Amino acid sequence: MEYSEKVMEHFRNPRNVGEIENPDGVGRVGNPVCGDIMELYIKVKDGVITDARFKTFGCGAAIATSSMVTELVKNKTIDDALKISNRAVADALGGLPPIKMHCSLLAEEALKKALDDYRGRTSIPASGKPVRKLQMG
Amino acid sequence: MKKIYLDNAATTPTDARVLEAMLPFFSQMYGNPSSLHAFGQEAKHAIEEARYIVAQFIGAKQEEIVFTSGGTESNNTAIKGVAYARREKGNHIITSKIEHHAVMEPCHFLEKQGFEVTYIPVDEFGLVDPADVKKAISGKTILISIIQANNEIGTIEPIAEIGKIARREGVYFHTDAVQTLGHVPVNVSELNVDILSASGHKLYGPKGVGILYVRKGIRMLPFMHGGDQEQGRRASTHNVPGIVGFGKAVELAKDEMANEIEQLTLLRDKMIKGILDSIEYARLNGHPQERLPNNVNVSISYVEGESMLLNLDMEGIACSTGSACTSSSLEPSHVLAAIGLSHELAHGSLRFTLGRLTSEEDIDYVLTRLPVIVRKLRAMSPLYKKEVK
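Line by line, the protein sequences give chains A and B. So the first sequence is numbered by this note's numbering: it starts at 1 and just counts up by one. So the second sequence is numbered by this note's numbering: it starts at 1001 and just counts up by one.
Honestly, the hints are just simulated from the structure, not real lab data. It is possible that some hints are incorrect.
Listed next, the in silico EDC-like pairs over lysine to aspartate or glutamate satisfying Cα-Cα at most 20 angstroms (straight line) [said to hold, decoys possible]:
| no. | chain 1 | residue 1 | chain 2 | residue 2 |
| --- | --- | --- | --- | --- |
| 1 | B | 1376 | A | 80 |
| 2 | B | 1376 | A | 19 |
| 3 | B | 1270 | B | 1364 |
| 4 | A | 6 | B | 1313 |
| 5 | A | 6 | B | 1315 |
Part of the chain B face toward chain A, derived, beta carbon under 7 angstroms [stated by the list, open to error]:
| no. | residue |
| --- | --- |
| 6 | 1218 |
| 7 | 1324 |
| 8 | 1325 |
Since we're looking at a predicted model, the values are computed, not measured. Backbone N, C-alpha and C fix where the C-beta goes; we use that ideal spot for every residue, glycine too.
Turn these sequences into a full structure, and let the hints steer you where they fit.
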């Protein structure tokens, strides 16, 4: 098993590590296969993801895919972000060893969960412009 | 960049003196020991000398040593060879939950062939209780196989005591001594073992050569069928350079082992203390005293082993981990599971195994780098935030 240069580069210098205060969406997933855990935070403005950050407990591939997915979603609309597949994350990293493909799935699932969370917090009218739900309580 | 090799349990560098002893046997003294002419007899003499050195070192007779291709072959031969030779007597084998794969997998194979295998659990330090072994023996038990010292956590098992029980019950007793030969005293009489496996490249010898000690009178089928080398116990042309190298490695161990045990134990304990003192939420895996002199195995909470390993590698430090992430099965180490570690702690394990070339400066260097790496990865870890803050 060998990691690509790109994987190692993202592992060495992961982008967007950390949390976002008052995020608009959070996706927390655990990988049942090997036990890795990832948290993805997104900030959304006018239907566009303006910031994404992550925290990950996992191997080199898990950290690199987390880093890459935050890069891929930034400045994307929600609809475009939803189209990002685990394959796209792996491809952007110059591929992953077959045994590590499940790590890219972790990144995709975290993203989908963060987007679901965002949509759950907001209602999206026909105009496509999200409106914050009123916080009750 | 400084390069520090702390993975000596995986393999050791071939000692220059071993290599020197081996070299003439490639293109000068290249005869086949089975040949009657002078070329063959010269090679024959060399392998018999190696056999003598090895036999002396472990308190065996020369004819009780069989040369093999390595630890895995020796273990396979021992387990399957005894199982098939004694099948009419019984079909029960006893082993432990912390064996190397080279013992565990032959046992799994035999289970599919109709044998029954009992896997004795270990305590939190990785120790097998001889009383548990005794309890597991039935009229059908034909073989007990317990590792002398575990390759991951370094715990040294009470082999002599288990051997005494086996002998009293008339059950063959095998031990996997791959991690111990040349590192701690191994004497087949004192240990009460009937069969013992060891490998050349774990004690500064070459890869591709191992030994199987088989006590006189022990019945065992061969694993390799073919020519009548090794008194019909292991066919195949002798690996003469390898066998000569094995002999030389043992000769060196005989002279240097006592000193190395003392040196490495000091370095080992310094490293363990250094890690536990400088990193919060870290624990030692394995037994604090009944432990190989060169083994440091720690679990560091909230971070994953492969990430630490890769970061250490970037700093020139080589070690290994029991993390699921680095195994092809994506299962965490069965040894760490057997001592009761949670999935997460097994995930965060690191093994450093010191060697003949390890210096105190090497240990100091690791002790300065590791805490920095752990801090960096913990800052990235969602678990650390939740548990600690």
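Against the structure, the hints come out as follows:
1. As the CA atoms of residue 1376 of chain B and residue 80 of chain A are separated by approximately 32 angstroms, the hinted pair breaks the 20 angstroms bound.
2. At roughly 15 angstroms between alpha-carbon atoms, residue 1376 of chain B and residue 19 of chain A fall within 20 angstroms of each other, so this suggested pair holds.
3. Between residue 1270 of chain B and residue 1364 of chain B, the direct Cα distance comes to roughly 9 angstroms. Compliance with the 20 angstroms bound is thereby established for this hinted pair.
4. Annotation: proposed proximity of residue 6 of chain A to residue 1313 of chain B holds, straight-line Cα distance about 17 angstroms (limit 20 angstroms).
5. Proposed proximity of residue 6 of chain A and residue 1315 of chain B is supported: the alpha carbons are some 19 angstroms apart, at most 20 angstroms.
6. Look at residue 1218 of chain B: its Cβ only gets to about 40 angstroms from chain A, farther than 7 angstroms, so that hint breaks.
7. The interface hint given for residue 1324 of chain B is met, as the beta carbon of that residue sits about 4 angstroms from the closest beta carbon of chain A, less than 7 angstroms.
8. Below 7 angstroms, beta-carbon pairs count as interface contacts, and residue 1325 of chain B has one with chain A at about 4 angstroms; its hint therefore holds.
Hints 1, 6, counting from the list given before, are not met by this structure.
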